[in-house]
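**Q** Sequence:
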Amino acid sequence: MKNFKRFKNIVNSNLNSALNSLENPEKMIRLMITDLEETLSQVKRTKANHLREKSILEKDLSDLKERITRWESRAKLAVEKGKDDLAREALNEKRECEVRINRIYEDLKSYESILMSDDESVAQLATKLKEIKEKQASLVRRAQNAKTKKKVESALKVSESFEIGEKFNDLEARIEQMENEVNLDHSSHLDEFEKLEINEEIEAELEKLKAQNKKNSQKKESK
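Residue numbers (our numbering): 43 to 265.
What the hints contain is simulated information worked out from the structure, not anything from laboratory work. Fair warning: there could be bad hints in the mix.
[Said to hold, decoys possible] Only pairs whose alpha carbons sit at most 27 Å apart, straight line, appear in this in silico DSS-like list of lysine-lysine:
{"hint": "1", "residue 1": "Lys86", "residue 2": "Lys107"}
{"hint": "2", "residue 1": "Lys175", "residue 2": "Lys191"}
{"hint": "3", "residue 1": "Lys69", "residue 2": "Lys175"}
{"hint": "4", "residue 1": "Lys191", "residue 2": "Lys86"}
[As the list claims (entries may be wrong)] Beta-carbon label-pair distances, calculated as ranges:
{"hint": "5", "residue 1": "Arg184", "residue 2": "Ile98", "range": "46 to 54 Å"}
{"hint": "6", "residue 1": "Ser104", "residue 2": "Ala165", "range": "28 to 36 Å"}
{"hint": "7", "residue 1": "Arg184", "residue 2": "Glu148", "range": "19 to 27 Å"}
Think of the CB as a built atom: it goes at the ideal place given N, C-alpha and C, for glycine as much as any other residue.
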């Protein structure tokens, strides 16, 4: 179970990292799959070791049972021959074998529980690995879409807060400049017209003065 807990920590850690950064979701998912495959291989190796150790215990159990049978036969033979000391010795050996057998039974019981846990871990890891592999392409697409959407939203925010505002200000300034240029041209034309009108008035007044002067001169000459 320790290996399975380690797997969960690996997946949670890498998943959180992937969600936080979204820099390279495909790489992050491949890393998760690699870590999961390594953990699954480790659990399988651990299970194989447990099976080997269990097999050794089962062989020891079989050997001890044979020894018990043998020591029991020797004890009977010693009794038949009237050799009580040898019978006691044989029974002591038989007793030691029985004690060892009881210990082995306890160990085998523990190994059964351990192997069940190993099988559960292997099944869960294999299922999760298959699930992630099946969803790999979909997860990558979703992560890339989320990343793209995030970039677009960020770009829009920047555009709204800076670029569009600046462009609007530039446009407003250009319009004001054009209006000023039009007003300036209009003012210049008005000035020219006013000058022409003034000049005409001056010329008319000048002609009037000349005519008056000529008239006065003629009057003087007639006298």
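**Q** All the hints need checking, so say for each whether the structure fits it.
**A** Outcome of the hint check:
no.	hint	result
1	Lys86 - Lys107	violated (31 Å)
2	Lys175 - Lys191	holds (25 Å)
3	Lys69 - Lys175	holds (13 Å)
4	Lys191 - Lys86	violated (42 Å)
5	Arg184 - Ile98: 46 to 54 Å	holds (50 Å)
6	Ser104 - Ala165: 28 to 36 Å	holds (30 Å)
7	Arg184 - Glu148: 19 to 27 Å	violated (51 Å)
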